[in-house]
Amino acid sequence: MNIKIYRKVDKYMNSMKYFTTFEWDFDNHKCLSLYNSLGETDQDIFYFNSNEIIWKDYFRGLIDGGRIHLFKESVDTIPEGKIRYMK
Numbered sequence: 001m002n003i004k005i006y007r008k009v010d011k012y013m014n015s016m017k018y019f020t021t022f023e024w025d026f027d028n029h030k031c032l033s034l035y036n037s038l039g040e041t042d043q044d045i046f047y048f049n050s051n052e053i054i055w056k057d058y059f060r061g062l063i064d065g066g067r068i069h070l071f072k073e074s075v076d077t078i079p080e081g082k083i084r085y086m087k
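Using full-length UniProt numbering, read the sequence shown as starting at 1 and increasing by one per residue.
No wet-lab data here; the hints were simulated from the structure. Hints are all accurate, no fakes.
DSS-like mimics (lysine-lysine), calculated; alpha carbons at most 25 Å apart, straight line:
1. Lys-82 to Lys-8
2. Lys-87 to Lys-8
3. Lys-11 to Lys-72
4. Lys-8 to Lys-56
5. Lys-72 to Lys-17
Build the full structure now, drawing on both the sequences and the hints.
Following this line, the structure appears as structure tokens:
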């Protein structure tokens with residue numbers, strides 16, 4: 001049992017190493033220019049503002065996605081995992 005958990009954690013750490021060990025700086029001026037060129041109606045439809053992201057929900061989805069796609073766990077195990085995590 002412990003070896004299985006270790007392998008999952010090791011696989012996760014190796015897959016995330018590249019993204020967590022470098023500093024990232026994204027230039028989004030073209031994206032902002034595109035957004036500013038839209039009409040008011042289109043800006044309402046395609047609204048985006050990273051300052052208004054609910055980060056807790058974002059990371060919850062990120063964790064659930066990692067469990068499903070990296071660890072190949074069933075979606076059915078997510079509620080059980082959340083209960084175990086809250087203990």
